[in-house]
Amino acid sequence: MLNGCGKEITDPPEPTPYTLAIPAGLPQMDQPADNGLTVEGIALGRRLFYDKILSGNQTQSCASCHKQEKAFADGLRFSTGIDGIQGNRNAMAIINLGYNRDLFWNGRSKTLEAQALEPVPNPIEMHLSWPEAVTRLQGDANYPALFKKAFGTETVDSTLVAKALSQFMRTIVAGNSKFHKYLRNETQLNQSELNGYLLFRNELKGDCQHCHELGSKLLTDNHFLDIAQRFHNNGLDSIYPNFLGLAEVTLDPNDNGKFKTPTLLNIGMTAPYMHDGRFNTLQEVIEHYDHGVKVSPSLDFFMTKNYPDLQVGDRRELGLTPQEKADLLAFLLTLTDSTIITNPAFSSPF
Amino acid sequence: MSYIISFLNLISLNLSIFKFKLMKLIVKGLLIALAFSALFQSCKPTDEQPKTGTLTVNFNATANGQPLVLGDKYTSVKGLPYKLTLFKFYISNLRLYSANEPDTILDADLINFSTDAAIRHTSFSINVEPGTYSGFSFGLGLDSMQNRYDPTSFPSTSPYSASAGTHWGMFFMYRFMLIEGAIDTTDNGLENYVLPVVIHTGFDSLYMTRDFTDHTMEIKAGQTTTLNINFDFNKLFYSGNDTINLLTNNITHTSDNYPLAYWVTRNFKNAFEVGN
Numbered sequence: 001m002l003n004g005c006g007k008e009i010t011d012p013p014e015p016t017p018y019t020l021a022i023p024a025g026l027p028q029m030d031q032p033a034d035n036g037l038t039v040e041g042i043a044l045g046r047r048l049f050y051d052k053i054l055s056g057n058q059t060q061s062c063a064s065c066h067k068q069e070k071a072f073a074d075g076l077r078f079s080t081g082i083d084g085i086q087g088n089r090n091a092m093a094i095i096n097l098g099y100n101r102d103l104f105w106n107g108r109s110k111t112l113e114a115q116a117l118e119p120v121p122n123p124i125e126m127h128l129s130w131p132e133a134v135t136r137l138q139g140d141a142n143y144p145a146l147f148k149k150a151f152g153t154e155t156v157d158s159t160l161v162a163k164a165l166s167q168f169m170r171t172i173v174a175g176n177s178k179f180h181k182y183l184r185n186e187t188q189l190n191q192s193e194l195n196g197y198l199l200f201r202n203e204l205k206g207d208c209q210h211c212h213e214l215g216s217k218l219l220t221d222n223h224f225l226d227i228a229q230r231f232h233n234n235g236l237d238s239i240y241p242n243f244l245g246l247a248e249v250t251l252d253p254n255d256n257g258k259f260k261t262p263t264l265l266n267i268g269m270t271a272p273y274m275h276d277g278r279f280n281t282l283q284e285v286i287e288h289y290d291h292g293v294k295v296s297p298s299l300d301f302f303m304t305k306n307y308p309d310l311q312v313g314d315r316r317e318l319g320l321t322p323q324e325k326a327d328l329l330a331f332l333l334t335l336t337d338s339t340i341i342t343n344p345a346f347s348s349p350f
Numbered sequence: 001m002s003y004i005i006s007f008l009n010l011i012s013l014n015l016s017i018f019k020f021k022l023m024k025l026i027v028k029g030l031l032i033a034l035a036f037s038a039l040f041q042s043c044k045p046t047d048e049q050p051k052t053g054t055l056t057v058n059f060n061a062t063a064n065g066q067p068l069v070l071g072d073k074y075t076s077v078k079g080l081p082y083k084l085t086l087f088k089f090y091i092s093n094l095r096l097y098s099a100n101e102p103d104t105i106l107d108a109d110l111i112n113f114s115t116d117a118a119i120r121h122t123s124f125s126i127n128v129e130p131g132t133y134s135g136f137s138f139g140l141g142l143d144s145m146q147n148r149y150d151p152t153s154f155p156s157t158s159p160y161s162a163s164a165g166t167h168w169g170m171f172f173m174y175r176f177m178l179i180e181g182a183i184d185t186t187d188n189g190l191e192n193y194v195l196p197v198v199i200h201t202g203f204d205s206l207y208m209t210r211d212f213t214d215h216t217m218e219i220k221a222g223q224t225t226t227l228n229i230n231f232d233f234n235k236l237f238y239s240g241n242d243t244i245n246l247l248t249n250n251i252t253h254t255s256d257n258y259p260l261a262y263w264v265t266r267n268f269k270n271a272f273e274v275g276n
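For the protein sequence lines, the chains are A and B, in the order given.
The working numbering puts the last residue of the first sequence at 350; the count rises by one with no breaks.
The working numbering puts the last residue of the second sequence at 276; the count rises by one with no breaks.
Derived by calculation from the structure, the hints in this document are not laboratory data.
C-beta atoms are modelled at their ideal positions from N, C-alpha and C, and glycine is treated no differently.
Straight-line C-alpha distance at most 30 Å; calculated DSS-like pairs for lysine-lysine:
1) A/Lys205 to A/Lys325
2) A/Lys181 to A/Lys70
3) A/Lys70 to A/Lys325
4) A/Lys325 to A/Lys305
5) B/Lys73 to A/Lys110
6) B/Lys78 to B/Lys235
7) B/Lys269 to A/Lys305
8) B/Lys78 to A/Lys305
9) B/Lys73 to A/Lys305
10) A/Lys181 to A/Lys325
11) A/Lys110 to A/Lys70
12) B/Lys73 to B/Lys269
13) A/Lys205 to B/Lys83
14) A/Lys70 to A/Lys178
15) B/Lys83 to A/Lys110
16) A/Lys148 to A/Lys52
17) A/Lys67 to A/Lys110
18) A/Lys305 to B/Lys235
19) B/Lys83 to A/Lys305
20) A/Lys149 to A/Lys67
21) B/Lys269 to B/Lys220
22) A/Lys67 to A/Lys178
23) B/Lys83 to B/Lys235
24) B/Lys83 to B/Lys73
Partial selection, computed: residues in chain A whose CB lies under 8 Å from chain B:
25) Gly25
26) Pro297
27) Phe301
One chain only, chain B, in its complex shape (with noise of 0.2 Å):
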């Protein structure tokens, strides 16, 4: 009988030393997994910060002091009462000037002031780096490399595609900037829009950049900062001196009129500013 009661305290001992083991593998169990949690934890931010600031760039355009509206009737420096169809345009190679080398933050984008507002694109944000940028620059058409891209390569969201209602068939390159529309040469107010204003400029030799080198800009890590850029419509079609008689010279598809073209463009180029 005492060597059962012995062996049944034996047993009783060995489970407690069992029980006591188990409990400590468990405990330590635990505490291994809670380092490992920590050690995890701690791996990963408790509260995310963003790593780049956003910038916003915004077109706007005007004429005779209003905002442009396609469809609007406006009054040319000549006193030509005309209305805009179409009016589109690439911007490349955005840049940001910072004591390193220029980081360009956009490679292109078509500026389209249609009033359907499922196409209607004046403005664009983009992630960048913060830090405080003494100026910019931008190109008004696209680079010789952009020019000869295949439009086909490109989805219908892209700038670069055939939907974008920009390449030029019978050169295979791309047109930068498109104005269409009217201008009621009667102007006696039956509204009588009968002749066109056709400017497509495109080429090589009509990529022509803009630089803001002294305009300085603070990005901050999760914070916006917004870029406007405004313009005159009518300066299109003046300089100084210099005034496009729209009455006679009123179409353009660059080969066929060349000077047009470029006076476009290079107008178009100086009548960028930037705005608050």
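For reference, chain A alone in the conformation it holds in the complex (with noise of 0.2 Å):
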């Protein structure tokens, strides 16, 4: 009866839970405790990947550097922000970054959500303040109800706007690639891709798997535990004038010119390739490899091991054949997973 005189209140519905579909092969991906993935978080996160409105003049969204059809790339070397100002870092691609222990080239955010908070006030990319970032969007004729439906409540904050963009970020999965079907017997590699899947794993030839890591299938070995492992210089400069690389945040000079490891899937459809998209192509690449690795004090053990007369300055010599090149070129695109690129939940909802 009292019931009945009052208005009914209720609580609003609970968000729906989100199981992320992990392709056959690859570890199960860990959810922070205060932000599991849920259907109404990922589809705020997505929209707001897209929406123009957290850049200042209203022109980029975090897509305008993370194109899908650059597999979350954007083909430049350096993007442009919405003032004209150019960076001097390649924009990542957004990939398994649900994975990784550090996000950026130099490791400065160490969760998804932390580095959500960075790109809009930045003054070389979105350049809008928080609190006008907030403003907006509490004042959008929509958000307030999707911040509601996805966290029980219509107040913005830039907390819940990082969790969002994160939500949407962990469900942008790789891991379908010819050469994860290859691993699961569901194809076969051609000769020369096998050759260059053997020269991978080869330690005295191309040697990529000590940072490129098979056994994950992540490619990478950025979900390691000890960041003693996530880190390396590999001998792009052999003088550091100033603090690069993770060294940039350790302030340690040991770290100079150590970067993280970027996942190798996709990675024929991300060029240009290094932290400052230094080269074009992945041929570019493997000649860097090859011959162009420079030593200095910081170099990754792994390049010179079987190289022990090697002095800083000098470089190494891998002495691939073009044919070998040819192999490893042929391997590294059978890690290609264009799902990435066609599948509607990673496209834009406006």
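Two chains, two frames, some hints: make the complex.
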């Protein structure tokens, strides 16, 4: 009777838990305890990812530098922000980030949620302060209701924006390349690809697998627990006038020139390459590892372990034949999972 | 009228009988409930006694008489200053010896001397059947079956997981021990740690077992027994007359320098001591 006299008050419905479909053969992905995947959270994150409302002059979104058709990179050496300013880092492809323990080339963010807070206020990227961004979202006709569905509150804040963006990014999982299918006995590699695979694993030749780890099938080592195993100097330079790479974070000169290992998944679609996009093609990358690796004090020991006489300033000569280089390239191209660029769940909702 | 009175008396009597019967029924019910309650109470121990004891195993590493800390400077047996950046190793098949068959109480664990508190793991605790044990043994590395596990089948918290950073993509097996660091070859005070030391051991043939057959341990229910396993890190590089010259023999991934991988594994196995 008393209930009948008053207006019924109900809690907002709980967001719907979402189970991530991990391709067979990949490890399960950990989820943060305070930001588990939900249908509503992912949908909100996807919308925010593509919405230009988060940039100062409303001309750019996250997707401006992480384009689905480019496997969530942008195909440029350096991206240009809303004020026409270029950065000095190549935009990393957003693939399998949910497995990563470091974000950005120098690893300055340890979680996706922390990473997602950076590009919006960055003056050379989207250049919008978080208070302004929150005011915009709060005043939008749709967003407060979407935040309520995803997080149970209409009150927008930057933490929830970062959580939603992170949820969406965690769903971008690649693991159905030709190589993965080969490992699952679903297809065969041709002879050149097989030869390239053997070179990739061969400690005396390509020796790529030390950093682009095979056991996890993630083709990176950024899921390893020990930070000492996650950053490497791959010999791009021999002199570092300033702290560079991981050293920007640790301020330790021994970390100069060490960068996060990017995944090789979809590497054929994410040119140009390296932290500064200095190589336009995979052929150039292979040439670098063949005879361009420069010896420096922080050079990764895997690079020189078979060359004990090399001195600082020397270049390593691997001596790959043209056929071996072609085979290595053929293998790298088997790492493309094209579902990433066609999956409608990752496309713009606008 | 008398009929009416008789009738009312009869009703009153019947009511009294009914009340009495009702009371009797209630009391009976209560007694049954109490009996059942007592029965169930007696099935549940009022003061639960623990059935197992806890064995805590600590791996304690020293170098130059000091606790081993990654990043700190130590001196090798050959007098070379060195620092470590990574040191982790598997132990497996921890068995306790008693009058019965040896009891395997631990499948495998990855001991990690990282300075990152979140991943440092030099100690673990296991529930063990109470009793007197005459000794124990454990494997250094993984046995041939464990060595072929697929790391993607395990959660990131497992020592077998891909996140452990131990799986060897080139062989699809595990590395048993990872030692990474550098030597200051000049030792002139300029801290030039330029010569890498990288020792990654693996392969089934380097799985070695260490036995401590005469270490009696009493495990009591509800109590914790501590087992300290100590080692001097420098002993990994010498054993009696046989000293490894890290200036010239500083890198092995087992397949490329099997003797070094073998020597370090053998020395490590022998370096373990039971402490207080």
